[in-house]
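Engineer: The whole structure should be built from the sequences, with the hints applied where relevant.
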Amino acid sequence: MDHFKEIYSGYKHRVYFFVAKYLSEEEDIEEIVQDIFMHVWKYLSKTHSPSEIEALIFKSAKQEVSNFYRKRKMIFVPLESSPESQDEENSEIEKQIQQEDQLKKIESLLEQVPEKSREFFIKNKIQNLSLFTIAQENDISKTAVEKHVNKVLKFLRANLNFFF
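Going by full-length UniProt numbering, the sequence shown opens with residue 1, and the numbers climb by one from there.
No lab work stands behind these hints, which were simulated from the structure alone.
Nothing here was measured: the structure is a model prediction, and the numbers come from that model.
Glycine residues also receive a C-beta, built at the ideal position from the N, C-alpha and C atoms.
Among the hints, erroneous ones may be present.
Result set (SDA-like, lysine to any residue): computed pairs, CA atoms no more than 25 Å apart in a straight line [what the hints assert, rightly or not]:
| hint | residue 1 | residue 2 |
| --- | --- | --- |
| 1 | Lys5 | Val65 |
| 2 | Lys12 | Leu109 |
| 3 | Lys42 | Glu92 |
| 4 | Lys125 | Leu109 |
| 5 | Lys116 | Gln98 |
| 6 | Lys151 | Lys95 |
| 7 | Lys125 | Val149 |
| 8 | Lys116 | Gln127 |
| 9 | Lys116 | Gln96 |
| 10 | Lys42 | Ala55 |
| 11 | Lys71 | Ile97 |
| 12 | Lys104 | Glu27 |
| 13 | Lys12 | Glu26 |
| 14 | Lys95 | Arg157 |
| 15 | Lys105 | Ser117 |
| 16 | Lys105 | Val40 |
| 17 | Lys154 | Ile93 |
| 18 | Lys151 | Leu131 |
| 19 | Lys151 | Glu94 |
| 20 | Lys105 | Lys123 |
| 21 | Lys21 | Ile53 |
| 22 | Lys59 | Tyr43 |
| 23 | Lys21 | Glu52 |
| 24 | Lys12 | Asp2 |
| 25 | Lys21 | Asp2 |
| 26 | Lys46 | Glu27 |
| 27 | Lys116 | Gln136 |
| 28 | Lys154 | Ile106 |
| 29 | Lys104 | Tyr8 |
| 30 | Lys123 | Glu92 |
| 31 | Lys125 | Gln96 |
| 32 | Lys123 | Glu94 |
| 33 | Lys21 | Glu31 |
| 34 | Lys105 | Glu31 |
| 35 | Lys142 | Glu100 |
| 36 | Lys59 | Gln112 |
Estimated spans, in silico, between C-beta atoms of each pair [unchecked claim]:
| hint | residue 1 | residue 2 | range |
| --- | --- | --- | --- |
| 37 | Leu109 | Glu25 | 37 to 43 Å |
| 38 | Ile93 | Ser130 | 35 to 41 Å |
| 39 | Lys42 | Glu115 | 23 to 29 Å |
Structural biologist: Written as structure tokens, this is what we have:
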């Protein structure tokens, strides 16, 4: 049950906005999102990895939107009706989803590193502060800051499927 709650809280907004692209009525959107998560609930025991779960969620979302249109005997036509633009849009959506997932993974991993190392890493890599500036602010050597940042980078590389 806790696993499902985690999945629901992690995906509910993305699924909602995915469905909202194709439907305009709030009631319909909420009903479909509920149906999607009912489907996920049924098949959750058969999926194990996060990528399988995500695939299940968004495959279910596409099916539920299609079923919605089929039940109402409407023709489902995306705003851009050409197949090329639809493929480009799907590709862009997939890229955005992958980027969001990678950011969530990084955030989760950053929670696992020591606070000082995390702080130095964020200041250097995200806020673009120099190692020297961070060292001055914390009254330590530039080399010490560099070691903290490199330790976090090494940890992230070891636990992620992509490289910086």
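Engineer: Confirm or reject each hint.
Structural biologist: Do the hints match the structure? See the list:
| no. | hint | verdict |
| --- | --- | --- |
| 1 | Lys5 with Val65 | holds (23 Å) |
| 2 | Lys12 with Leu109 | holds (22 Å) |
| 3 | Lys42 with Glu92 | violated (29 Å) |
| 4 | Lys125 with Leu109 | holds (15 Å) |
| 5 | Lys116 with Gln98 | violated (28 Å) |
| 6 | Lys151 with Lys95 | violated (28 Å) |
| 7 | Lys125 with Val149 | holds (9 Å) |
| 8 | Lys116 with Gln127 | holds (15 Å) |
| 9 | Lys116 with Gln96 | violated (30 Å) |
| 10 | Lys42 with Ala55 | holds (15 Å) |
| 11 | Lys71 with Ile97 | violated (28 Å) |
| 12 | Lys104 with Glu27 | violated (29 Å) |
| 13 | Lys12 with Glu26 | holds (15 Å) |
| 14 | Lys95 with Arg157 | holds (20 Å) |
| 15 | Lys105 with Ser117 | holds (17 Å) |
| 16 | Lys105 with Val40 | holds (21 Å) |
| 17 | Lys154 with Ile93 | violated (29 Å) |
| 18 | Lys151 with Leu131 | holds (14 Å) |
| 19 | Lys151 with Glu94 | violated (31 Å) |
| 20 | Lys105 with Lys123 | holds (19 Å) |
| 21 | Lys21 with Ile53 | holds (21 Å) |
| 22 | Lys59 with Tyr43 | holds (12 Å) |
| 23 | Lys21 with Glu52 | holds (23 Å) |
| 24 | Lys12 with Asp2 | holds (15 Å) |
| 25 | Lys21 with Asp2 | violated (29 Å) |
| 26 | Lys46 with Glu27 | violated (30 Å) |
| 27 | Lys116 with Gln136 | holds (14 Å) |
| 28 | Lys154 with Ile106 | holds (12 Å) |
| 29 | Lys104 with Tyr8 | holds (15 Å) |
| 30 | Lys123 with Glu92 | violated (30 Å) |
| 31 | Lys125 with Gln96 | holds (21 Å) |
| 32 | Lys123 with Glu94 | violated (29 Å) |
| 33 | Lys21 with Glu31 | holds (15 Å) |
| 34 | Lys105 with Glu31 | violated (29 Å) |
| 35 | Lys142 with Glu100 | violated (32 Å) |
| 36 | Lys59 with Gln112 | violated (32 Å) |
| 37 | Leu109 with Glu25: 37 to 43 Å | holds (40 Å) |
| 38 | Ile93 with Ser130: 35 to 41 Å | holds (37 Å) |
| 39 | Lys42 with Glu115: 23 to 29 Å | violated (41 Å) |
The structure fails to meet hints 3, 5, 6, 9, 11, 12, 17, 19, 25, 26, 30, 32, 34, 35, 36, 39 from the earlier list, while all remaining hints are met.
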